[in-house]
Amino acid sequence: MATSLAWFSIWPIARTAMLLVFRRKLFWLLFAVAMLSFIFTFGAIYLLATLKQELPQMARFITSMLKDLDGSGTTYLNFMKLQGTVMMILLAFAGSVLAGNDHSRGGFMFYMSRRISLVYYALGKLLAIGLLVLLITTIPALVLFFEYGLLGDMAEYFRENFQIVFGIIGYGLLLSLSIGLLLLALVSWMPRPVPLVILWGGLFVFLPILSSVLAETLRDSEVNLEESSWRLLDLWNNLYIVGSKFFGVELPLFYGAIIVIFTVCLFSITAIFFRLRYLQHQS
Amino acid sequence: MSHLFEIDSLVHRYGSIFALNEVSLSVDQGSIGLVGQNGAGKSTLIKILLGLLKHTNGTVKVFGSDISQHSVGLRGRIGYMPEREGIIPGLNGIEYVGLSGELNGMSRKIALRRAHELLSQLGLDEARYRRLENYSAGMIQRIKLAATLVHDPDLILLDEPTSGLDPDGRAAMLALLKSLAQRPGKSLLFSTHLLGDIEHVCNHAIIMEKGKIAASGALDLMLESQLNTFLIRWKNKNSSSNDVYLAALKQSGAEVSLSEEFGQARVVVTDAWSKQQFFKLAKEAHVTLIGLEPEEIDLRTVYQRVVGYKKNLPPVISLKKPEVSEVNS
Amino acid sequence: MTLEPSVSVSASPIVEVKNVSKWFGPLMALNGISLDINPGITGLVGPNGAGKTTLLRLLTGQSKPSIGGIRICENNAWSAKAKSHVGFCPYGDAAWDEMPGRKAVRVSAGLHGFKGDEARHRTETVLDIVGMADRAHRPIRTYSKGMRQRIKLGQALIHDPDLLVLDEPLNGIDPVGRDELNELFIRLAQDGKAVLISSHILNEMDQLADHIIFVCRGKLLASGSLETIRDLLDDYPLKVRVSCETPRRVASLLMELDSVKSVRIETSDDLFLEVQNPNRFYGEFAEFVLSKNVDIRGLKATDTSAEPIFDYLMERSSKPG
Amino acid sequence: MKTTLQFSLFASCFQVFGLTLRRQFFSRQTIVITVLLGLSLAITIVWLASDSYVRAPMRGTTTYYRALSPETNAYYVVGDRVEAESVVCVVQGRRGGKRELKARVSGVISEIIIENDFKVSRRETLVRIQPDRTGLQLAGKILQPLFMGFLLPIISLGYASAAISGERTSQTLVYLLSTSIPRSLIYFSIYLAVLLLTLAVTLSCLAALCLIIGTAGFDVCYKYTPVVFLATTCYVSLFLLFSALVRRATFLALAYALMVETLTANMPGVVKSITVSFYANSWLYDKSLSLGLESSIPAYDPVGAVSSQIILVLAFLSFLLLGMWIFSRKEYD
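Chains as they are written, first to last, in my numbering: chain C, 2 to 284; chain U, 186 to 514; chain H, 439 to 759; chain S, 411 to 743.
Each statement offered as a hint is correct.
Facing chain U, according to a computed beta carbon distance under 8 Å, are these residues of chain C, among others:
1. THR4
2. SER5
3. SER10
4. PRO13
5. LEU21
6. ASP103
7. ARG106
8. GLY107
9. GLY108
10. TYR112
11. ARG116
12. GLN281
Cross-link-like lysine-lysine pairs, in silico, BS3-like; alpha carbons within 30 Å at most:
13. H:LYS541 / H:LYS583
14. U:LYS460 / H:LYS677
15. H:LYS456 / H:LYS502
16. S:LYS740 / H:LYS519
17. S:LYS740 / H:LYS456
What follows is a set of in silico ranges between Cβ atoms, one per label pair, in the way DEER data are often shown:
18. U:TYR314 / H:MET466: 13 to 23 Å
19. C:VAL120 / U:PRO369: 28 to 38 Å
20. C:GLU251 / S:ALA459: 28 to 38 Å
21. U:LYS363 / C:ALA33: 52 to 62 Å
22. C:TYR279 / H:ASP572: 29 to 39 Å
23. H:GLY478 / U:GLU469: 31 to 41 Å
24. U:ASN319 / C:ALA33: 25 to 35 Å
25. S:SER531 / C:SER38: 44 to 54 Å
26. S:SER520 / C:PHE41: 45 to 55 Å
27. U:ARG262 / C:GLU251: 52 to 62 Å
28. H:GLY478 / U:SER426: 24 to 34 Å
These aren't lab readings, by the way, just hints derived from the structure by calculation. We put the CB at the ideal spot given by N, CA and C, even for glycine.
Bound-form chain C, shown alone (with noise of 0.2 Å):
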């Protein structure tokens, strides 16, 4: 008999779930708002970069200003930070488009009754959502990387700094990988847009309050608000911490970040599978 392996089948499966998501008009207008800040950091960068040339002491003064746009680990890990909060809206639209509307139509059982099992159309989904975060995420960082070392000293920029690139890639990684498992689980108990949308949305704004509160009274006194735990709270906070260490920039809390990032996504991989054979079953 076959084997019952389905490699071949998760590339095929991944592609037509973006084919799907590219072809909405709403996702290009979502995905202009979440590229707009990138273009702002494109723009501030090439300005950067001109000033010292024409100017140099006004470029010191600037950079002394601009903290956050010295070329170091953190501009990137900022910049992928704040990309995070936009590419949220985006992913609930596209997850609901990539997994949600296979339950519409009877799309799901299409899927099922070819020479595939519900991991590989677990994984396909999964690879679609890692690579449209890994689009939001990495590779604007990585563009801008470029651009920082293309437009400034090049040579010296780059053999220094370049243990960043894996930074960048190795937080876009953790990125893709967390969410998309997270959105998976969600969309596949949770198809119909509109609570899916609030519930996604109360995620990534309500935990940060709810943890930032409690880490704010909770806290004993000496131990500053980012130590407290309860900060582990915050999804994002902790995909932050461990996503800085790529960067080599040490931040408190580390294991316990590591730790929670480690049960969500062990807790969505199983409520994904007992999802998706419920609905094998129940279609």
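With the hints as your guide, set chains U, H and S onto chain C.
Structure of chains U, H and S alone, referenced to chain C:
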């Protein structure tokens, strides 16, 4: 060659409802019709054959290997056309069929080439780049069939392929299924509640009722006609001549039962009767006879006899109930 | 107990469609359609994508014609006034799934402006008519296709409309349910309502409808009762199959009948006739059988249903000119 | 002749109102929104009930004595008020190093666990302070970021954006459109139903959040209610307009509510004047001057209270009328 599929005391329960209740069946290659009311268990049986549903107990073997172990591998050799829509809105025709091929292990290039061939065969040439949500019901059924056939499966499972089709679509679909049924070495399972379609396409029929196999056998076995029973149809100027004609028929020894439709009756005559008698009596009663045909039992009558739906039912002909039915023995 | 008959004795037809065309961008969905609909059952028949649904949406005021006008009981179909005369059963089985059937019909009564016990009275009346009085307490999502269809029909009947528009009401319903619904439609037509049924299942339609409208590719091919259409197509050959022992002899004899256009011997004992005027043929055939003492084993007209007529009209409409 | 229909337009509009209210209330949005409301109440309760502690930072045997309270010049006792960042006690290490321990929050000392001159070990709690929860803190900490910034737009979009586009996707809109009610009145009845439902949820949530901190909350609640009322009215009419225009209204509404509001809120120039929250915040800012809340309202050169009210009312009316006009023209498939 082993059987196409063998099912042994299959039971499947949704909570307390028995979707399938002790089904035992073994069928060889060929085109099989699966007939039954909505909810008789047809779709459940198909999903179990596909390995999408873990049946409660019993063993199911397809192409000789157990479905619960090799469901993914087996699905590579089976094509399934679902009853519910089963399309992905947003894709166009070629991409949809191409994807179906790729998901069955074909490379992208071969899948797309095969898709182009199939679409032209199924008359969807000009619709190949149109989005699926703009397809009419008939085109959706044909594109789903194309997606089912793209990887050249040995067994095709069709769940209500003709529902929602207009007459041309239905006639075209049935002709297509007929040609598919004749492909050497390939078989086809055609599940529907439209009884007429089975006679066109299949050579073997399974009648299901409330999760059980009510009857299963070769189609021609089931459909032998009864001698000297006729269905007559006539037109007349006024209704009085109607009764005159019927009375005349009864007098000359025919047993007449009126059918619901106006101007139609089922007549059982003795062997001595000559056909001219119908015309002679009609002429005397000033009635023009426009239809006289020996009553072939069609599947509908067999179905109604076995399932017992119609109120005034002619006597049930004994169908051999299959404990283990060796169908093509 | 049926709804008190409201026979509107209006000379003019209930629906007047005057030279209506409808475009969706470049796509021409309807092209110059003019027709009237009178009380009784009217069948709207055509292949998928022929423009049936577009016509129904125009009749029920869901969309406006690009040119031309539609008047229902003397007011424009798009206006709210016209909709009080129209009961619409949309395609598919979308409904307020969480609501029990009785509540859904009660809400429809409210939507048409009935209050308190007037609404309750109408709800019970309509539930009786569609035969759901005792089964309407569970939520609609648990209903079979047939029961959903009956509730939808009840909702359309609640304000006692003159025109009842049903979009493929029998689609996907098993034979038993189909027959019961047909009987219901006939009863409604006898109440004096105009019942417009769109469908592509032809053989049901021609036993049911006393007036048929054929639509294809947005154009009106023919409209009238089946017989009037048949007489309309006088050069349309009627196909009859005759089975007998000695086909060759019978064939040569049959050729002499002038109403017989052509004879073809199909199998060992079957003849396939193409016949001119059907009524004249049957008279001559009876004479022939008796006079020539021929042993005929079967006589069957092979195209009593509207299907072949439909194919014929389709292919005639696609011929240029 | 035909039986005259006891057709009353008011009854049918009232039925549309009732149907929309019922369909929107018994829907998944309500479940998700109640979850979010429950969570925000939980946050407020936790924020309210949590005490602040002063703990010994150093290891080893240390002597500890309380500092002198500036007014009474005596040691702090239970019940004294303490200002934030003021020294509460001093700990002396073995080698004589002194450490002043400050209070994180202003409030009242509720318990002194360790008396003077006692040995303390590391991380042992010395003093427990009951922080005072003023309306100011509530507004700044909970109401502004959580309620005005997130819950209010989300609840409005949850109900309003699904009212018509939800019916379209479930293909039940045709049941409304095939009745003999003029379409603009159908739209108006739907608007009233959604507004009533959204107001009920938002105002009760506001009341719950405010009153939980006791009497101090009354004033804040009194100040916030008119702003929330008008902001909700405006949000609902805007999102219902989206719902009548576009099939995917929910995403457009969310994009507006979260992206545009966050991105444009702190942008210079005229851009920010397209957001409802800007005017709501300006009005709040104006009201809060008397309440001393101004520091916690994020409004960048706000418009006056009266003009923001006028703009909000104009916006709400124009969205509503535009919606009615479009709904009576548009052909919904």
